[in-house]
Amino acid sequence: MKILSRIEELVMLTVWRLEENAYGVPIRKYIIKVTGSDWSIGAIYVPLDRLVKWGYLETSQSDPTEERGGRSKRYYKLTAEGLEALNHIKKVEEFMWLDLPHLAVEKEK
Amino acid sequence: MRQIHSKPPRIAQWLVSHTLKGEDRDILLGDFEEFFTEIKKEAGFLKAAIWYWKQVFKSIPLFLSNQIYWSLIMIKNYLKTAVRNLKNDKVYSVINISGLAIGMACTILILLWVQYELSFDQFHNNAGRIYRVSAHYHDPDGFGQYLPGPLAAYLKEGYPEILDATSYKPMAMKLTVDNRSFFSQGSYVQPSFFKIFSFPLLKGDAETIFLDRYSIVITDELAQKFFGQENPVGKTMTFMGGDVKVTGIIKNIPKNSHLQFDFLVPYEIGFYSMRIWSNNSVFSYVKLAEHADSHAVSQKISDVAKKHRQNCNYDLFLHPLAKIHLYALGGGGQITYVYIFTIMAVFVLLIASINFMNLSTARAEKRFKEIGVKKVLGSSRPQLIKQFLSESILHSFIALFLALFLTALLIPSVNSILNTPLKLNFSLMWICSFIGIALLTGVFSGSYPALYLSGFRPLAVLKGPFGSRSKVRSRATFLRKTLVVMQFSLSIFFIIGILAITRQMNYIRTINLGYDKDYLVVVKTSGELRKNIQVIKNELLENPAILNATVSMMSLVDWGSSVTDRHLSWTGKSGEYSFMMGQNFVDYDFLDTLKLQMAQGRFFSREFLSDPKEACVVNEAAVKAMRMDEPLGKKFYINAGTDSERPKTIIGVVKDFNTQSLHKEIRPFWWEFTNSGSYLCLKLQGRSTSASLKFIENKIKEFVPDDPFSYYFLDDKLNSLYQTEQLTGSLTRYITFLAVFISCLGLFGLASFSVERRTKEIGIRKVLGSSSSQVVLLLTKEFTKWVLMANVLAWPAAYFAVNLWLKNFAFKTAISVWIFLLAAGLSLLIALITVSLQSIRAATANPVDSLRYE
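In the order they appear, the protein sequences are chains A and B.
First residue of the first sequence: 1268, per my numbering; consecutive thereafter.
First residue of the second sequence: 578, per my numbering; consecutive thereafter.
One or more of the hints may lead you astray.
Think about it this way: if two alpha-carbon atoms lie no more than 27 Å apart in a straight line, the pair counts; the simulated DSSO-like pairs of lysine-lysine are [what the hints assert, rightly or not]:
| no. | chain 1 | residue 1 | chain 2 | residue 2 |
| --- | --- | --- | --- | --- |
| 1 | A | K1300 | B | K624 |
| 2 | A | K1300 | B | K963 |
| 3 | B | K598 | A | K1344 |
| 4 | A | K1296 | B | K952 |
| 5 | A | K1320 | B | K624 |
| 6 | A | K1296 | B | K635 |
| 7 | B | K624 | A | K1296 |
| 8 | B | K635 | A | K1320 |
| 9 | B | K631 | A | K1300 |
| 10 | A | K1320 | B | K618 |
| 11 | A | K1320 | B | K963 |
| 12 | A | K1320 | B | K657 |
| 13 | A | K1320 | B | K951 |
| 14 | A | K1300 | B | K618 |
Far from chain A by the CB rule (all over 12 Å, computed), these chain B residues [what the hints assert, rightly or not]:
| no. | residue |
| --- | --- |
| 15 | F609 |
| 16 | P638 |
| 17 | N643 |
| 18 | K802 |
| 19 | K822 |
| 20 | H872 |
| 21 | L903 |
| 22 | R1086 |
| 23 | S1151 |
| 24 | G1178 |
| 25 | N1275 |
The hints are simulated quantities; they were obtained by calculation from the structure and are not laboratory data.
Please read these numbers as outputs of a predicted model, since none were measured by experiment.
Beta carbons are placed, not taken as given, at the ideal position from N, Cα and C, and that holds for glycine.
Could you build the full structure based on these sequences and the hints that come with them?
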């Protein structure tokens, strides 16, 4: 099982959350909203493409719409493997955060 | 207006759509446009357009790197499959790769040599501005480089375009330090020499090096020889009976320089003949100003020699330094061989590539199912093409590594054959060309199989052996036949070439030269011996192993000096003549030592006291050139019409004999008598030549103790005249062998495939009563047909090429039919042996084995 990268994890969780509306535009908007930084279209597309090729996401196409210049949307949906990978990374992260010793960081005055 | 401005920027869209492929393109353009529409609604068109552009620039690198990443993953996959296929069919892979490797090694070696040849004299700074002044003779037509000594200085003075000029008078001279002497190759030059050429000085300063006229500059090698580890600068050497001081050390001259010397001395201390306009014996080199037009300068200086001397029959012109080694002045030269071998390299590589094409299309039939299944499972044609191309490229890269290994192994022997300093070189340029060669052969040899194999219709491929598959197969078979025929034509072409070269070289070796060249040794003595030479000769003759001896003024092999007919006159000279006549001075024993024959009259004889002063002997060619009917007793005037005219009487005509390269016709010649000269030509008894040589050396040492002993055997010297031809011969032989070998590898592979395919047919034939020999005949018939066809194709081309090559020789063999027949026979024999290995195995196999699976 591949360990998901942070952006891959974010993308997959967004796809999960958006349910029926998970295509490029809302995915990007949501990630920008949550992270607060500007992600370019390419920066979202690349992990999406990778996740599809790994089989963690599956795609379907809509009919063409007017505001897209007569082009169709590609909707994403989690697959079983995708879910498993997400669970895995969640477990890894939870475990890593568990019972960390106290860290004495000197705060800047 | 609104309508136009409602769309996203066109160019940006175009950019995006060209960095993405297939479905992704549409989807992403859609995403882009949706955002764009939204921003336009909120902030207007301009903002939206700027946003769009920004996004495009941010995203495109990501799109590209993503694509590259995934195609690399694909290539990894292709390679994995390719390695599997390679392991699957080992015989095929071995044949393929070894063929390619040999071909590539051959090509790399040839390229190394070509690069070496092309590098001649290129190491000088400003090599492009350096020229050698050359002469174009009118009468008879020809070219020369030997010019009057004062020319260089005159050119430098009189022409502003000529920045620098130097004379260059090469000469083999004796150098002595503390009683140790060596003959070395040196040259008289002017100080400008160091400004024109960039031979690096290890010690000494180019500006002041020849300030003192008794200076000498020697190479590092010579310095080691004389002085060992000591610093040679300031040391004294004896040169031409006087002392000269070493003022500089020059780095050893690289082999790819046409100027080769061990030492340089100032021009002023040279001979009188090097300072007069009426003697042609010196080279002149010039360096032009930066933007000077060499043609214009050539025009300007063309009549310089004519201005300074009467009877001058040549124009001057500039010959570029870069061309001196490669291009002979009259056309041709070394460049011909560069072309020939480059073409050969391409041919050999072609033959190896054809192997690959043939074997992979032949093997395709075994892979029909694989391809069919792949296609049914959704492989696209481009994917299959990539798959096959990566297979061939993998093959060619493995072959490249083997080839480099082979090359490294072969280079020492190639260097000793060619006398070159070639070495494998991994500079960026060479690495690029190695990879280039591998890619080129890979793509070239893989392209046809890739297109052919990927083009199958899956249904036809999977359905079975009938229907459209057999159509595909017959087309492939036709192509394969064509390629094999082509391959064999090339090999046969090479075979004919090598047969013709061998025959011509044999002819040259065994041709009756008109004299007995065996065991003739020529000893070159220094000037000091000249007075005593007859004494030495007589003492040498006391040794019974020395059968005969003669003294001559000039070497017997080199042309020596020659004179145009306008300086000669004879009884009955009338009308137009145009020829050069050679001259030499010899003593009484010349005829007997060389075992020459007289055509008419007699040779110089002790019985005629007037001979030394009045007589001369000519050869048959001279009689013909002078158009004399009755030459005996006719008058012959040398330097006719000048103060130094020498009237002679022709007392005999020597039958034509050839001491020259057989490239040329026998030239007209005359001999005068002399009692002294620096060349001693001795006829040795066949056995114990080394003892005789020792004897000669000791005898000469008695007279001049510190003279180095220098000699050569006449037949060695003669052989060296055909050095290029012998090199071409031996190189061509190797290349031919390789070409034939690679062709045979291919044929072997093809035969094994065709036998494999017909296993069942053979089984059935045998069951029905065919004998083994009938089966062998059946299988070899096809290949025989191809080879015969290849012969028919190769013959005209080879005839043409051989004819062209033989034009270089005045004495040549006819191109006889048997060469072609022999080549045909050889090629057929080789092909049959190769094929029969396979077919005999198939024919003797028990039919039960081949049929039991049915």
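Against the structure, the hints come out as follows:
| no. | hint | result |
| --- | --- | --- |
| 1 | A/K1300 with B/K624 | 20 Å, holds |
| 2 | A/K1300 with B/K963 | 43 Å, violated |
| 3 | B/K598 with A/K1344 | 22 Å, holds |
| 4 | A/K1296 with B/K952 | 41 Å, violated |
| 5 | A/K1320 with B/K624 | 35 Å, violated |
| 6 | A/K1296 with B/K635 | 17 Å, holds |
| 7 | B/K624 with A/K1296 | 18 Å, holds |
| 8 | B/K635 with A/K1320 | 23 Å, holds |
| 9 | B/K631 with A/K1300 | 19 Å, holds |
| 10 | A/K1320 with B/K618 | 35 Å, violated |
| 11 | A/K1320 with B/K963 | 20 Å, holds |
| 12 | A/K1320 with B/K657 | 19 Å, holds |
| 13 | A/K1320 with B/K951 | 19 Å, holds |
| 14 | A/K1300 with B/K618 | 20 Å, holds |
| 15 | F609 | 6 Å, violated |
| 16 | P638 | 7 Å, violated |
| 17 | N643 | 5 Å, violated |
| 18 | K802 | 70 Å, holds |
| 19 | K822 | 77 Å, holds |
| 20 | H872 | 59 Å, holds |
| 21 | L903 | 55 Å, holds |
| 22 | R1086 | 72 Å, holds |
| 23 | S1151 | 96 Å, holds |
| 24 | G1178 | 101 Å, holds |
| 25 | N1275 | 90 Å, holds |
When the structure is compared with the earlier hints, violations turn up for hints 2, 4, 5, 10, 15, 16 and 17 and for no others.
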